[in-house]
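Chemist: So you can see what is in the structure, the chains are spelled out below.
Number of protein chains: 2
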Amino acid sequence: MRDTYHEDLDALTERLVEMTRLARHAIARATTALLDADLSAAQEVISGDAEINRLNEEIDNSAFDLMARQQPVAQDLRTIITSLHMSGDLERMGDHAVHIAKIARRRHPDSAIPKELRSIVLEMGHQAELLVIKAGDVVFNRDAETALELDADDDRMDRLRRKLLERILRQGWEHGVEATMDVTLAGRFYERFGDHAVHVADHLVYMVTGERPKDIDTDA
Amino acid sequence: MRDTYHEDLDALTERLVEMTRLARHAIARATTALLDADLSAAQEVISGDAEINRLNEEIDNSAFDLMARQQPVAQDLRTIITSLHMSGDLERMGDHAVHIAKIARRRHPDSAIPKELRSIVLEMGHQAELLVIKAGDVVFNRDAETALELDADDDRMDRLRRKLLERILRQGWEHGVEATMDVTLAGRFYERFGDHAVHVADHLVYMVTGERPKDIDTDA
Numbered sequence: 001m002r003d004t005y006h007e008d009l010d011a012l013t014e015r016l017v018e019m020t021r022l023a024r025h026a027i028a029r030a031t032t033a034l035l036d037a038d039l040s041a042a043q044e045v046i047s048g049d050a051e052i053n054r055l056n057e058e059i060d061n062s063a064f065d066l067m068a069r070q071q072p073v074a075q076d077l078r079t080i081i082t083s084l085h086m087s088g089d090l091e092r093m094g095d096h097a098v099h100i101a102k103i104a105r106r107r108h109p110d111s112a113i114p115k116e117l118r119s120i121v122l123e124m125g126h127q128a129e130l131l132v133i134k135a136g137d138v139v140f141n142r143d144a145e146t147a148l149e150l151d152a153d154d155d156r157m158d159r160l161r162r163k164l165l166e167r168i169l170r171q172g173w174e175h176g177v178e179a180t181m182d183v184t185l186a187g188r189f190y191e192r193f194g195d196h197a198v199h200v201a202d203h204l205v206y207m208v209t210g211e212r213p214k215d216i217d218t219d220a
Numbered sequence: 001m002r003d004t005y006h007e008d009l010d011a012l013t014e015r016l017v018e019m020t021r022l023a024r025h026a027i028a029r030a031t032t033a034l035l036d037a038d039l040s041a042a043q044e045v046i047s048g049d050a051e052i053n054r055l056n057e058e059i060d061n062s063a064f065d066l067m068a069r070q071q072p073v074a075q076d077l078r079t080i081i082t083s084l085h086m087s088g089d090l091e092r093m094g095d096h097a098v099h100i101a102k103i104a105r106r107r108h109p110d111s112a113i114p115k116e117l118r119s120i121v122l123e124m125g126h127q128a129e130l131l132v133i134k135a136g137d138v139v140f141n142r143d144a145e146t147a148l149e150l151d152a153d154d155d156r157m158d159r160l161r162r163k164l165l166e167r168i169l170r171q172g173w174e175h176g177v178e179a180t181m182d183v184t185l186a187g188r189f190y191e192r193f194g195d196h197a198v199h200v201a202d203h204l205v206y207m208v209t210g211e212r213p214k215d216i217d218t219d220a
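Keeping their order, the protein sequence lines are chains A and B.
Going by full-length UniProt numbering, the first sequence opens with residue 1, and the numbers climb by one from there.
Going by full-length UniProt numbering, the second sequence opens with residue 1, and the numbers climb by one from there.
According to the in silico footprint, chain B covers these stretches of chain A (three or more CB under 8 angstroms from chain B): (1) 59-69; (2) 76-88; (3) 163-170; (4) 173-187.
Simulated from the structure, these hints should not be mistaken for lab results.
Beta carbons: idealized from backbone N, C-alpha and C, even for Gly.
Whole structure, please, built from the sequences with the hints as guidance.
Modeler: If you want it as structure tokens, here you go:
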């Protein structure tokens, strides 16, 4: 019985790592959709979200079963509850990728991103991928030390977003109201994607150490 | 021992209801801050968020203790886990009120909302209050039937947001880039506030009935 139990606990972690993999794919394809007005990439992100949601639900159900059947305490209980939180964050990361894909789809066949902002948005996409890859690694390795780095990694995303907004506010911006709205929201979605990756890492720290890395900013 | 246990379970609900009360106050004051460029209202929302976060943390800790000490099953376990989810949603509702307040603060002494959009934003604020009040009522009364109404109530919020965006996109909008960005984001924050109120109601349905009202759209 204990063996199945520990297999079930391990399966929680495997599902979380799989969610990071899917969220990474989603944000990468969403960035392609946005920059290249690639409709099939956008559709792929939108329809692919169901799989992320399914994993989230599986984790919810499995956590409930584990708690009901095994009545875990201490470290194991913390692992299970923390998995619920991480799964919720990853599910929302998938949603943010979908929001970005939907901007691309709405503006197709045009690109929602004016040429002079492409490099910043590309960089935000890369940063988002980096954050979710790193979140997946720290979950897989239960690596609380590396997890603490994500907050600083995310500062780079915040700087990119500020840069994006400064460009819009600069004299000579002449892309009209729709582009202003789209770029504003896309910037917000990348920023939120990054924030949730930091939350995943913060939850991992708590899972492993029992200490919160800081008062987690659950700004969503 | 069972008595303390049930008191602790009831205390979870009381804290959740208190969170709805605080979130309602926050969104009401944030709307005032936004429409009247009221800096002290904005500051009140921003500093008041700590209390919402504190309750969220209390619920987390109390849920953990209850699970570790009492090893609840079935309905009680569902109540505890669902409380964690609802608390997370309410915490984010507080954050969205803070985001709105920060827009107001940044634009002070100007108002971020152009005159012709005031009535729509006011209506969004009222709708947000209505949703969180109703969410609080259904949690307090464990009223799964009324909880199912919130989804339709929230449609009104979504319509208001679309109306807001249509106004911005209409010919003759001449309020510039900063106003476009602020109104776009404020609209998004009200919409998200409403979505989280629906999530709270959906979680309550699950808590009471063990059935999900639908695949909950955890779009955050």
